[in-house]
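Chain B: place on chain A using the hints.
Quick mapping for you: the protein sequence lines, in order, are chains A and B.
Each step along the first sequence adds one to the number in the numbering used here, with nothing skipped, and position 195 is 186.
Each step along the second sequence adds one to the number in the numbering used here, with nothing skipped, and position 255 is 246.
Note that these hints are calculated values from the structure, not bench results.
None of these values were measured; they are calculated from a predicted model.
Take the hints with a grain of salt, since some may be wrong.
No distinction is drawn between identical chains; accordingly, a pair holds when it is met within one copy or between any pair of copies.
[Said to hold, decoys possible] Below 20 angstroms or equal to it, Euclidean Cα-Cα: the simulated SDA-like pairs (lysine to any residue) are:
#1 Lys(-3) - Arg14
#2 Lys104 - Phe303
#3 Lys108 - Gly274
#4 Lys108 - Arg196
#5 Lys(-3) - Gln190
Protein chains: 2
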Amino acid sequence: MSDLPKFVTVQEEGPREGFQIERGPIGTADKVRFIEALAETGLTKIDCVSWVNPARVPGMADAELVARGIRKRPGVAYTGLWLNTAGFERALRMPLDLVGSLIVSCSETFNLKNSNKTIAQAFDDQIATLRLYKQHGVEVRWGTVFTAFGCNYEGEVPLATVLDRCTRLLEIAREEGVQLKGLYLADTVGWANPRSIQQRIGVVRERWPELRIGLHLHDTRGTGLPNALAALQMGVDQFDSSCAGLGGCPFAAHKGAAGNICTEDLVFMCHEMGIETGVDLDGMIECALMAERIVGHPLPGKVMKGGSLTRFRTVN
Amino acid sequence: MSDLPKFVTVQEEGPREGFQIERGPIGTADKVRFIEALAETGLTKIDCVSWVNPARVPGMADAELVARGIRKRPGVAYTGLWLNTAGFERALRMPLDLVGSLIVSCSETFNLKNSNKTIAQAFDDQIATLRLYKQHGVEVRWGTVFTAFGCNYEGEVPLATVLDRCTRLLEIAREEGVQLKGLYLADTVGWANPRSIQQRIGVVRERWPELRIGLHLHDTRGTGLPNALAALQMGVDQFDSSCAGLGGCPFAAHKGAAGNICTEDLVFMCHEMGIETGVDLDGMIECALMAERIVGHPLPGKVMKGGSLTRFRTVN
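Isolated chain A, as found in the complex (with noise of 0.2 angstroms):
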């Protein structure tokens, strides 16, 4: 376990990506208390709403009184995803800090339903995201490919689709003076393994070592934090997660979609493993079982049941 990383960066999604989902309603003011809660436990970035059309993600309906209504803590990011020029225009009016990122799905089929776009609808769109990203001097960082690792409906997705999509967006970026400065692999719905994570950050590094490498894992079928595990193996040292687990992808196809890698697990799985994240676990704690409570049913995170290892270590 040599190439450990020794820090990770966590990136908290729990707030847009769960509350996308669940059936709810779930209150604005309940949304504000919880990412307020989470920015206290040494999270630097967190994930807040979507700008997304409400009528397909009513969840996220109320994403500006959620914008507007967080008490910002300083020296954390608050973010918000958008997946067109519309939801951009819309972020660009909120008291939110804005990272642009060049995204593009490994499957058609997917890109179509999660943005109306083919694959190469979606690459010159990134061209138009780009030129509007710097007129308005929002710093674009990430290339982020989605369904990296399979799909529902377009079944296993080559390498070279991946090295493909990496690449395009590489060129985007340069063709447009932009350096970024990572590449993002998603596993949008879970297909995943320990090997093809290993295999896929293998080629993607041995390609563009002078990237850094992140990660946006889904638990679908258990796999998460085996995936993960087997990333920072390779050195990963960024990762998307979601407190509690919360979350799951509306447009995936699948009545079983999950959320995210659990953040809290995640955490305590590094702090077991001697990665610091910087994050307090007992607090990240404490944020879940809070989100278990708003959205009123069992979440699947399992150290927020199990607890930490600090009381018995204390006691004894």
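Same frame as chain A, but now just chain B:
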């Protein structure tokens, strides 16, 4: 991942670990039906009942009825667990496959709670039990060490304690003319992490390279399957697991005590990584759904909700 085994043996613990902790009552016919369904999946060993004090574990009061009720399938071992000679004597009268194991805990306190004996008494007891096994022609294959990674009562368990317990069990066996086939390390209360798994397995294997290593993992804090992955990477090829993640330990002093790692999630991960198990994943998912219907509440397994990838691969 070059040390991955080609084939992993999965020992099903669900009926025993699972039904002993349910507030129940679970009907005897349901238990029998579940065990019979499990036997159809390709499993070769199913732990069916505990011969424990029904006053302490009421869910096992019908152990005799279950054992006698199962229509046995050739090639499947239907086993049970006992913690003392009284339990063994009950087991002897049953139509089950009796496999003896030498058992001791690392933690003195856990050993007292689990079997009402000090460690010294437990070792003495193992000698007496081994003689009893020989007398009745019951094969003894494994030495099993409970709380090998930590204990809720005693905190961290030193590696030296694990080695002491293994050494003494092997000595006892040798003194009685029995050659143990391997050592089972049990993370009884969910303290292990991938690093401690690899460290402890590494040291045990270095000390006894001729012995097989098995793992009994509980998923109390979300690291169950990452721990299994870490062990697979060391070539470990035998795991206890529990269909749907049924279970929990009644003596762990811990209301959040979780069950074993989930059988079908482990099987899914292995198959996706190219490791065979001999288990039909879709059949095992059906068993998990049956278990959920029997206990009448959601169970923690993931792939039983997310589904296997078979249908997506077939369609496309």
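Status of the hints after comparison with the structure:
1. Lys(-3) - Arg14: neither (39 angstroms within a copy, 43 angstroms between copies)
2. Lys104 - Phe303: between (48 angstroms within a copy, 17 angstroms between copies)
3. Lys108 - Gly274: Neither, since 41 angstroms and 38 angstroms both go past 20 angstroms.
4. Lys108 - Arg196: Neither: 28 angstroms inside a chain and 54 angstroms across chains, both beyond 20 angstroms.
5. Lys(-3) - Gln190: Answer is between: at 18 angstroms across copies they meet the 20 angstroms cutoff, but 22 angstroms inside does not.
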